Amino acid sequence: MDVYISDILLNAPFEIVVLTALIVLVLESTRGTRPNISSWTSIGGLSLAAVAALTNLGASVETFGGMLQSGGFANYYGALFCISAVMTILFSRNYFERQNYHRGEAYILLLFATLGMMVIAASNDLIMIFLGIELMSICLYVLAGLFRHRDRSNEASLKYFLLGAFATGFLLYGIALIYGSTGTTNIASIRTAFPHVSHDLLFLTGSGLLLAGFAFKIAAVPFHMWAPDVYEGSPTPISGFMSTGAKAAAFAALIAVFSRVFGPSENAVHQIIALIAAASMIAGNVVALAQSNLKRLLAYSSIAHAGYMLVGLAAGTADGQIGVMYYLAVYALMNLGAFGIIGALETENDQNLQMDDYAGLSEREPVLAACMAVFLFGLAGFPPLAGFFGKYYVFLAAVKARLLWLAVIGVLASLMSAYYYLRIIVFMYFEKTKAESVPISVPMSVRWTVIFCAVLVLLFGLFPSVIVQTVLRVLF
Amino acid sequence: MISELSIALVLLPLLGFLFLGLFGARLKNEKIIGFLGSAAVGISFILALFIFAQMAAAGPEQRKYTVNLFTWFSAFTGSPGGLSISAAYQIDQLSILLTLIVTGVGFLIHIYSIGYMHGDPGFWRFFAYMNLFIFTMLNLVLADNFVLMFLGWEGVGLCSYLLIGFWYEKKPAGDAAKKAFIVNRIGDIGFLLGMFLIFAAFGSLNFDTVFAGASSVSRNNSTMLWICLLLFLGATGKSAQIPLFVWLPDAMAGPTPVSALIHAATMVTAGVYMIARCSILYAAAPAALTVVAVVGAATAIFAATIGLVQNDIKKILAYSTISQLGYMFLALGVAAFSAGIFHLMTHAFFKALLFLGSGAVIHAMHEEQDIQKMGGLKKYLPVTYRTFLIGAIAISGIPPLAGFFSKDEILWKTATGDQGSWLLWFVGLLGAILTAFYMFRLVTLTFEGEPRFDEHRLHPHEAPKTMTVPLIILAGLSIAGGWIGIPHANALEHWLDPVFAPAQMKLLASESGSTGLEIILMIVSVSAAAAGIYAARRLYLQYPGKERAAAKRFPVLYRILSQKYYIDEIYDAVVVKPIASISEKILWKGIDKGAIDGSVNGAASFISSCAQLLRKVQNGVAQFYAVMFVGGILFILTWLLFR
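Note that the protein sequences, when read in sequence, are chains A and B.
Take 57 as the starting number for the first sequence in our numbering and just add one per residue.
Take 35 as the starting number for the second sequence in our numbering and just add one per residue.
A portion of the hints provided could be inaccurate.
[Said to hold, decoys possible] Stretches of chain B that chain A covers, calculated by requiring three or more beta carbons in the stretch to come under 8 Å of a beta carbon on chain A:
| # | stretch |
| --- | --- |
| 1 | 640–648 |
| 2 | 657–671 |
[Unchecked claim] To give an idea of the chain A side of the interface with chain B (calculated C-beta under 7 Å), a few residues:
| # | residue |
| --- | --- |
| 3 | Lys215 |
| 4 | Leu218 |
| 5 | Leu219 |
| 6 | Phe222 |
| 7 | Gly264 |
| 8 | Ala268 |
| 9 | Pro278 |
| 10 | Met281 |
| 11 | Ala324 |
| 12 | Val343 |
| 13 | Ala346 |
[To be verified] Across the chosen pairs, the derived CB separations fall in these ranges:
| # | chain 1 | residue 1 | chain 2 | residue 2 | range |
| --- | --- | --- | --- | --- | --- |
| 14 | A | Gln525 | B | Leu226 | 34 to 42 Å |
| 15 | B | Leu226 | A | Gly100 | 54 to 62 Å |
| 16 | A | Gly100 | B | Ala73 | 53 to 61 Å |
Think of the hints as simulated: they come from the structure by calculation, not from any bench.
Everything numeric in this text was worked out from a predicted model, so none of it was measured.
Ideal placement from N, C-alpha and C gives every residue a C-beta, glycine not left out.
Isolated chain A, as found in the complex:
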């Protein structure tokens, strides 16, 4: 296999992240843990990678012998992952410090997890997707169990690992079956072979297993069972990262495989995606109604949001893909911001996470409460916030693709979701502060990160075309 200099240049974001990860790794292992230096180095490297990614949003080019597909599509996701990781680190610094567990190793793992996500989004080969997923997942397993002296964190890590390994088995088996029926793992080649194998038993079974594997990563019903336990037990900023970055990565793989291979034609795979979407929207929102722990509530909400995004994929059309990619970006902002606030207010031993702990927040922390309200209204899909247009685009795509029933379920489900999102706002704004609540000091870096997210949620809602135009450019 020949490696060209252009391959290296086109994949600059990867190389920057790899280099940063290696530098931090060497720093940490040679001179003891220095979390401040490590975190700022990571932020610098990731920001640089994000800029590098954003400077190249052109057409996709095959690199490294057709294993990777560099260009706009990969870099859109790459930038999304890097920015998510930067925000996660900004939230983590303060969080780990207050939990008395500030170690540089978290940042190494975050960097490698980000790299795995970037590989997934850039893959042009099922094997590369698998590699990326494993790189990401293994780092996340460890990150989930970062508080190794805490039972909940251990439980989260172990459950995630066991079920993740289980899912990986099916994923790999699916890849093997597809290879068996088409004789290739290259996605472009599979696409060429698709008309001949579309009714092949091996190929369909393989696709089904692949779908199950991806559905596990995005936490869609019925492969979602791990998510609430893991999100609740993991360190809060890491939960935010898992629910946005990892989900977006798996969606990139879903789009790469299912939208590219199966195309817009109506077929059984799209039907099954529609059913999973409906089940996720209903189950996620219904169970979220009964939650009082905010991390758990957001875990179920993230299951429901996976459902909304799957609606765009079920449509199978270009509109649907645009909707999903827009949704992923704004969902990342809203959810990271929400988890960031929750993490900033959390006290030791998983305290201050109940809904009634947020009573009267608007008086104690008016800025954070206002930002939280923006995120929650956005998640509920109120116009003119960005979350509204995310839902609008995917539901519109579904209606155009004659999936009216799915759009109706989606609208009803998001109606339901308004109840639990608004309940938090009611607590923040209309309830009196509890007498025993402890005052918390939130550092400026966290405040500004949260405000930045909230402003973006507003701006992307007012000017959705900024993202949509970018997505249009990178998709076609």
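Starting from the known structure of chain A, arrange chain B on it as the hints suggest.
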């Protein structure tokens, strides 16, 4: 040059509003607030005069300018059914005339308000609202399309609402403001629907395009009839005509300068202006013109009869306004468009004068408004008395004051025009007698005879200069304002002719009466007015007890008139109460609380019991999670392979 001037002319009152609205509360000094508020309108007036002079100097063909500010909104432009609305002003003979009236009379009333509102805690708010009113009213008259006109139309409605309820801590003021707003909404629906129909018929809402299209449609076209009737419904709301006049008498709860500016001189004439502006549309639907004429004449006499027996000085003037507006619609309805606008102008002068005069009286009497408790005020308020008397003579139609010329022209056109009839003329003449009678009843009871209040306790004093000077200027205008419309030397009609010529052409209007007949009718109407004045003076000066005796003699008639034909009660019983009870019993208790709330709450409790059930599935056992996973895979494979 003209475009810059006209933009400045419109924007100045807006700037005044913004400045006073934002910083007025901090400006403690009434003088500065009053000066800024008045100056914004005064400079506008000077600019309007300048534009007018330029137009007068130009030839009749060059007297129309369109000033395009920006494209307000557009949709599907370039394709059929496309819509593009500009924020654009049209300055022509009609709109500049209205602009002069609005800014000129408005300026005088602003000056007057400095004295009248002195000491009011909401002084800055008052001037801010008044400036906003001038701005929206200028948008209404200068708009070059229906949408911008509607914006102004709604804007003046809003200002009217804000100013009627200016003393919002008093319940009657708040109620009156709401009533005005709601009644106007009914008219606005008519205006809106009319606009929709216009767009459907002509594919545009721009005046020039629509009117050009209308000049070529066939007469007696049913779409045109509906457009005109719907627009007229809008006009009856804004201009207080039957059936939507009920809000105007209540609107007197606002400060008196507001009554003078908004509810007499300018805003209430917006309906007249709108129909005059759309004269070509009405020319295409002569049946609608007849409706306008009949409603106008009916309102004129209906409101005048109510005015006969009222005792509140402002209520009498309010009914008089409704009645005079009826005359204007009568003029429009008989296709005497320039006569209608002429009466609009003279009425603005003398009715503003009368309202401001009544304000001076109320001021002097310490907020007393009942004329039965006044009398003999002429020795205390000499300036107010003289100017008020001039206003009363002018409105009664005695030559050579302003009201005579405009009213006489209306009556003459009603009698002899193609669209007119002798019956309508007779109704108008009857109205003229009644007008003269109730106005001199008002003058006599207020200013003459013996005082009916305690002169030792109450010492009425003449108003300050800021109030009397506007009175004197308006009195001068009420005398001389009619001279631009002297029959056979009618400068105003000549000036407005280019605006109304297309409509007249379409109606094939011709004058049938002779000069001899014109002089005879003039003598008839002047003697009618004189008879009304004489009767009122004789009755109230020489036999002060007669009114009560007459009331005893015809108790039913008197009660009906003094209770305003029970119109408010009828509306309440026929419209308000049924709607309220349907809303409460069916819509609220039945549908909202019963059906909607019931199903929502039911669905909510169903879903939360589902949630309790489903969360049990999440039992925390990893093996079970794996089982679910396998179940999911089995389902997917079954669907994919065996579907």
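Status of the hints after comparison with the structure:
Coverage of the stretch 640–648 of chain B by chain A holds. Counting CB-CB distances below 8 Å, 6 residues qualify, and the rule asks for three or more. Check on the stretch 657–671 of chain B: 11 of its residues sit with their Cβ under 8 Å from a Cβ of chain A, so the three-residue criterion for coverage holds. Annotation: Lys215 (chain A) was flagged as interfacial toward chain B, and the flag holds, the nearest CB pair being 5 Å apart, inside 7 Å. Interface hint at Leu218 (chain A): satisfied, since its Cβ lies 5 Å from the closest Cβ of chain B, which is below the 7 Å cut-off.
Interface restraint check: Leu219 (chain A) against chain B, minimum CB-CB distance 6 Å, threshold 7 Å, status holds. Taking 7 Å as the C-beta contact cut-off toward chain B, the hint placing Phe222 (chain A) at the interface holds, the least distance being around 6 Å. Interface restraint check: Gly264 (chain A) against chain B, minimum CB-CB distance 4 Å, threshold 7 Å, status holds. The beta carbon of Ala268 (chain A) comes within 5 Å of a beta carbon in chain B, closer than 7 Å, and the hint placing it at the interface holds.
With a cut of 7 Å, the hint placing Pro278 (chain A) at the interface with chain B holds, because the nearest CB-to-CB distance is about 4 Å. Among the interface hints, the one on Met281 (chain A) holds; its C-beta lies about 4 Å from the nearest C-beta in chain B, closer than the 7 Å criterion. A least Cβ separation of about 5 Å between Ala324 (chain A) and chain B falls short of the 7 Å threshold, and the interface hint therefore holds. The interface hint given for Val343 (chain A) is met, as the beta carbon of that residue sits about 5 Å from the closest beta carbon of chain B, less than 7 Å.
Taking 7 Å as the C-beta cut-off, the interface hint given for Ala346 (chain A) holds, the closest approach to chain B being about 4 Å. Against the hinted window of 34 to 42 Å, the Cβ-Cβ separation of Gln525 (chain A) and Leu226 (chain B) comes to about 36 Å, which satisfies the hint. The hint said 54 to 62 Å for the Cβ distance between Leu226 (chain B) and Gly100 (chain A), and at roughly 60 Å that hint holds. One distance hint, 53 to 61 Å for the beta-carbon pair Gly100 (chain A) and Ala73 (chain B), holds here, with the actual separation near 60 Å.
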